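K.L.:
Each chain is listed here by its residues.
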Amino acid sequence: MNSMTPKLVVEGLTHYYPDEYTGESVHALEDINLELYEGELVSVVGPSGCGKSTLLNILAGLLPYKIGTASVDGNVIHGPGPDRGVVFQEHAILPWRTVAKNIGHGLEIRKVPQAEREKRVQEFIDLVGLTGFEEKFPHELSGGMKQRCQVARTLCADPVVMLMDEPFAAVDAQTRITLQEELNRIAMATHKTILFITHSVEEAAFLADRCLVFSARPGRLKEIVEIGIPREQRNWTAMNDNAIFIAARDRILASVREEVSIAVEE
Amino acid sequence: MDRLWWHFQQLLKIDAMNLVILVVVVLIGWTIISETIPNPARYLPSPLAVSLSSVDMLVKGLLPSYYSDTLVRLIIGSSIGLAAGIPFGLLLGLNKTVADMFHPMMNFFQSVSGIAIFPIVVIWWGNSDTTVLAVILYTSFFPIAFNVLSGVREIPIRYVNAARTMGASKYQIMKDVLFPGAMPHIATGSRLSIGFAWRAVIAGEMLAGRQGLGWMIFTGQDADRTAEVILGMVMIGLTWIILDHYLLRPIEADTIERWGLVQR
Ligand SMILES: Nc1ncnc2c1ncn2[C@@H]1O[C@H](COP(=O)(O)OP(=O)(O)OP(=O)(O)O)[C@@H](O)[C@H]1O
Ligand SMILES: [Mg+2]
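The listed protein sequences correspond, in order, to chains A and B.
Okay, so the first sequence: first residue is 11 according to the working numbering, each after it adds one.
Okay, so the second sequence: first residue is 8 according to the working numbering, each after it adds one.
No lab work stands behind these hints, which were simulated from the structure alone.
Remember, predicted model here, so these are calculated numbers, not experimental data.
Idealized CB from N, CA, C, for every residue including glycine.
Please note that a few of the clues may not be correct.
[What the hints assert, rightly or not] Sample of chain A residues at the chain B side, in silico, Cβ under 10 angstroms:
| # | residue |
| --- | --- |
| 1 | Tyr31 |
| 2 | Ala70 |
| 3 | Gly91 |
| 4 | Asp93 |
| 5 | Val96 |
| 6 | Ala102 |
| 7 | Pro105 |
| 8 | Arg107 |
| 9 | Gly116 |
| 10 | Glu118 |
| 11 | Ile119 |
| 12 | Gly154 |
| 13 | Gln160 |
| 14 | Thr164 |
| 15 | Pro169 |
| 16 | Glu176 |
[Unchecked claim] With a straight-line cut-off of 27 angstroms between C-alpha atoms, the simulated DSSO-like cross-links for lysine-lysine are:
| # | chain 1 | residue 1 | chain 2 | residue 2 |
| --- | --- | --- | --- | --- |
| 17 | A | Lys76 | B | Lys182 |
| 18 | A | Lys111 | B | Lys177 |
| 19 | A | Lys129 | B | Lys182 |
| 20 | B | Lys103 | A | Lys76 |
| 21 | A | Lys129 | A | Lys146 |
| 22 | B | Lys67 | A | Lys121 |
| 23 | B | Lys182 | A | Lys146 |
| 24 | B | Lys182 | A | Lys156 |
| 25 | B | Lys177 | A | Lys121 |
| 26 | A | Lys111 | B | Lys182 |
Turn these sequences into a full structure, and let the hints guide you.
P.N.:
Following this line, the structure appears as structure tokens:
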């Protein structure tokens, strides 16, 4: 294991959105530097509009960037690619494909033989707890199940880095707690390298090995909070009186609060 | 094939009773009117007279020959129209700039109906089968291509992005996202296209003087054989209902309804 070479590297990334009508561009990100190591789950929190989704879209290859560099496994990001899997906030599983077909889509695109594909798909269906729903279509699933399906689809394609943009924001509070615990279990089982964007400080502290706090727009990396809790110990019953968790959460919360007040004053 | 048979049975079950009642009511009403007016043979022959004339035409072999001529024209014309129009709409839809550019032009062409282009096509190819086929092609191509293009533009971008982030090529995006995503519009467009093609066939046969159901109606009127005119009309209507019910509806039920893209 060469755990010392990072999987994802971002250096000096700055981004402006041009505005064709007013001519004034929006300064979304300023000089972002970060490294993600193998098997790490890193979360990004920050006030609304600070550029979190912008960062994710650039890393996903969906948004072209000009200033700075971003690379995965040493390959500079120029466009979308199967080395990066994305879980979108609004579910983006295809309504015309069954759960199994959605989850196997990435492998199908890469022309993996059917027998192998089916085996892998079943493995991930079981992992995210969608067993028995293989042949259902997305409109027959609950919101939480759709997000599980999306997570399974991304995992099944086996990307180097998994990018998640507020994946659990659109589900109800109870389901969200379950999904967070499930993601923790999945992170433990698969050792995926994950960048997890959220606006929920609790969620960030619960899931992350490291939490990056962004400043108000233009987004800068303001603070990094390490959360050294072993994954096996992370479940909501235990976390509520885990001193490390509480300390990290309060720390992140204070840091984000400052930025939110700046954002509001603007 | 099994699926098709299943749909057939479902439709029979639901519709059979209503249909029988409706048909009986219409036939009775029609007979009463026909009995009360003077000179029904010229103005409105009774259902019985129409049936007799159809038996007569069947025996002479005219009806099957007219009917198959018309149907073959429709099938050839609209298959080519759909087979060309669907990929054309999808290709245009691949690129947003191109799609925006072509949209008004497509809208223009689809609004100039088949009958309106008839004169110019007759100038080019005279009263021939080519003329009829060209008009069918024209009328079926634009509605489907235009609808597919609109459909592609309405597909949420996150579906396309999801496929792109999994490394899908342009072709794979077209096959896995744009085509199924535009399916509701493909269904509407196909129905419009085939419907227009069907009208164009009938009008084409009348205007270009080619044998078929349209021709049968036209000459029936000229020769004062009103029963034949009505027979032709009934055949046209029945054929459309059968096409719609047993071909288009099952396809819709198996795709867009199954996927939850439309509620019924
Ligand atoms: N396509 C775009 N064109 C122009 N400006 C944009 C675009 N997308 C985002 N912005 C601007 O860039 C800034 C950062 O947006 P971004 O979506 O990255 O924020 P965010 O941190 O994800 O916010 P939230 O927590 O609300 O999702 C915002 O001020 C936004 O108005
Ligand atoms: Mg966002």
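K.L.:
If you test the structure against every hint from before, which numbers come out violated?
P.N.:
1, 12, 16, 17 and 22
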